[in-house]
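Undergrad: Spelled out, the chains give:
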Amino acid sequence: MSREEQFARQLCRVLDRGTVELDHGITERLRAARERALQHQHVTLVSPAIVGAGGTALMGSDDDRHPLRTGLAILALLLGVSLSYYWNGFSQASENEAIDSALLADDLPPNAYLDKGFQAWLEKDSPAGQ
Amino acid sequence: MASRAELSRFLADVERRAFKQAVFAVRDDDAALDIVQDSMMRLAEKYGDKPNEELPMLFQRILQNAIRDYYRRSRTRMEHFTSLSALEGDGEDPADPLETLELDDEINPFATPHTALLQAETLNLVEEALQNLPPRQREAFLLRYWEGLDIAETAAAMGCTEGSVKTHCSRATHTLAAALESKGIRP
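Protein chains in written order, with this note's numbering: chain A, 18 to 147; chain B, -11 to 175.
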């Protein structure tokens, strides 16, 4: 630490004493001012529903907005939508596969379901049809 | 983002020094309280969601702007500047007090037992010397050494270059040393 800085620090220690000895009226007004200020604290609100899709960047305050962050959030959102679409298609294919397997493995040939006579015979002989 | 508790702690820590800074600048307790109150409110409203570590620089920038605004509104400002312009000097003072001052703890008034009266007198003389500094020198000195901002933060708070901060701080320190030495105070 230079001599100049050392001297400055000494003066600041003297100045610190002055802050301790402030009048009660002044410290009370400072406390009241602080509490008023805290009541007006600006807080950034974030919607929890879209946090997972990068919503934090999208919903930030004006000062927080950044093209890169916004771009990343949109990219994450699109990726989520794509994955969801792919997953739904995959589930549908699995269900169709199960139905096909059941039809093919049955003793009744699949063409029987296309025979109108067979449909009529089923309706005639089934308990509901009687 | 600073929580309410963090902002409260920050303001509680800085409010007294902020008040004294404003008093040194405007020499009026009520005006200084108004300046500090406005600065606190502005910090909370505009920057209440900023990270805790950014608060000191932001608050000081707001405070210094508020003090400068007060100057602009006050017509006594010009008188203040002209009466103190002689203290600025041109950096060629042949009798640099810091070259001859001894800074050992033994001669530090607060390192050895002194009476409360002597301490109060010392405080008054230091505060008076600070009040008599040119505004930009005082601002740089207080931000850099009392508030503990680094040179870059001080420059950002003052809206000037880092080189200007160093110059202001150096001149302020030498002027204070000379003023105090003339009053019989040896740091």
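Derived by calculation from the structure, the hints in this document are not laboratory data. Watch out, some of these pointers could steer you wrong.
What the hints assert, rightly or not - The calculated lysine to any residue pairs, modelled on SDA-like cross-linking and capped at a C-alpha distance of 20 Å, are: (1) Lys154/B - Glu21/A; (2) Lys154/B - Gln23/A; (3) Lys171/B - Gly35/A; (4) Lys38/B - Glu52/A; (5) Lys171/B - Arg53/A; (6) Lys38/B - Leu39/A; (7) Lys34/B - Ser19/A; (8) Lys154/B - Cys29/A; (9) Lys34/B - Arg30/A; (10) Lys38/B - Leu55/A; (11) Lys154/B - Arg26/A; (12) Lys171/B - Cys29/A; (13) Lys34/B - Cys29/A; (14) Lys38/B - Thr87/A; (15) Lys171/B - Leu32/A; (16) Lys38/B - Glu112/A; (17) Lys38/B - Leu21/B; (18) Lys171/B - His59/A; (19) Lys34/B - Arg53/A; (20) Lys34/B - Glu52/A; (21) Lys154/B - Ser19/A; (22) Lys154/B - His57/A; (23) Lys38/B - His57/A; (24) Lys34/B - His59/A.
Remember, it's a predicted structure, so these values are computed and weren't measured experimentally.
Undergrad: Hint by hint, say whether it matches the structure.
TA: For each hint, the structure was consulted:
Taking the CA atoms of Lys154/B and Glu21/A, the gap is near 11 Å; set against the 20 Å cutoff, the hint holds. Using a Cα cut-off of 20 Å, the hinted pair Lys154/B and Gln23/A holds, with the two alpha carbons roughly 15 Å apart. Restraint check: the Cα-Cα separation between Lys171/B and Gly35/A comes to about 19 Å, which is no more than 20 Å; the hinted pair holds. Annotation: proposed proximity of Lys38/B to Glu52/A holds, straight-line Cα distance about 18 Å (limit 20 Å).
Restraint check for Lys171/B and Arg53/A: not satisfied, since their Cα atoms lie roughly 42 Å apart, outside the 20 Å limit. For the suggested pair Lys38/B and Leu39/A, the alpha carbons sit about 30 Å apart, so the restraint of at most 20 Å is broken. Restraint check: the Cα-Cα separation between Lys34/B and Ser19/A comes to about 38 Å, which exceeds 20 Å; the hinted pair is violated. For the hint linking Lys154/B to Cys29/A, the alpha-carbon distance of about 17 Å falls within 20 Å, and the restraint holds.
Note on Lys34/B and Arg30/A: the hinted pairing is violated, with a Cα-Cα distance of about 32 Å set against a maximum of 20 Å. Distance check on the hinted pair: Lys38/B and Leu55/A sit about 14 Å apart at the alpha-carbon level, within 20 Å; holds. Of the supplied pair hints, the one linking Lys154/B and Arg26/A holds, its CA atoms being roughly 15 Å apart against a limit of 20 Å. Restraint check for Lys171/B and Cys29/A: satisfied, since their Cα atoms lie roughly 18 Å apart, inside the 20 Å limit.
With a C-alpha separation of about 30 Å, the suggested pairing of Lys34/B with Cys29/A is violated against the 20 Å cut-off. The straight-line distance between the Cα atoms of Lys38/B and Thr87/A is roughly 19 Å, inside the 20 Å bound, and the hint therefore holds. Taken as a hint, the Lys171/B and Leu32/A pair is honoured in the structure, with Cα atoms around 17 Å apart against an allowance of 20 Å. For the hint pairing Lys38/B with Glu112/A, the CA-to-CA distance comes to about 52 Å; that exceeds 20 Å, so the pair is violated.
At roughly 24 Å between alpha-carbon atoms, Lys38/B and Leu21/B are farther apart than 20 Å, so this suggested pair is violated. Taking the CA atoms of Lys171/B and His59/A, the gap is near 48 Å; set against the 20 Å cutoff, the hint is violated. The suggested pairing of Lys34/B with Arg53/A holds, with an alpha-carbon distance near 14 Å, which does not exceed 20 Å. Between Lys34/B and Glu52/A, the direct Cα distance comes to roughly 16 Å. Compliance with the 20 Å bound is thereby established for this hinted pair.
Annotation: proposed proximity of Lys154/B to Ser19/A holds, straight-line Cα distance about 13 Å (limit 20 Å). For the given pair, Lys154/B sits about 36 Å from His57/A by alpha-carbon distance, which is inconsistent with the 20 Å threshold. Restraint check for Lys38/B and His57/A: the C-alpha separation of about 14 Å stays at or below 20 Å, so the hint holds. Only pairs whose Cα atoms come within 20 Å are accepted, and Lys34/B paired with His59/A is accepted, the gap being roughly 6 Å.
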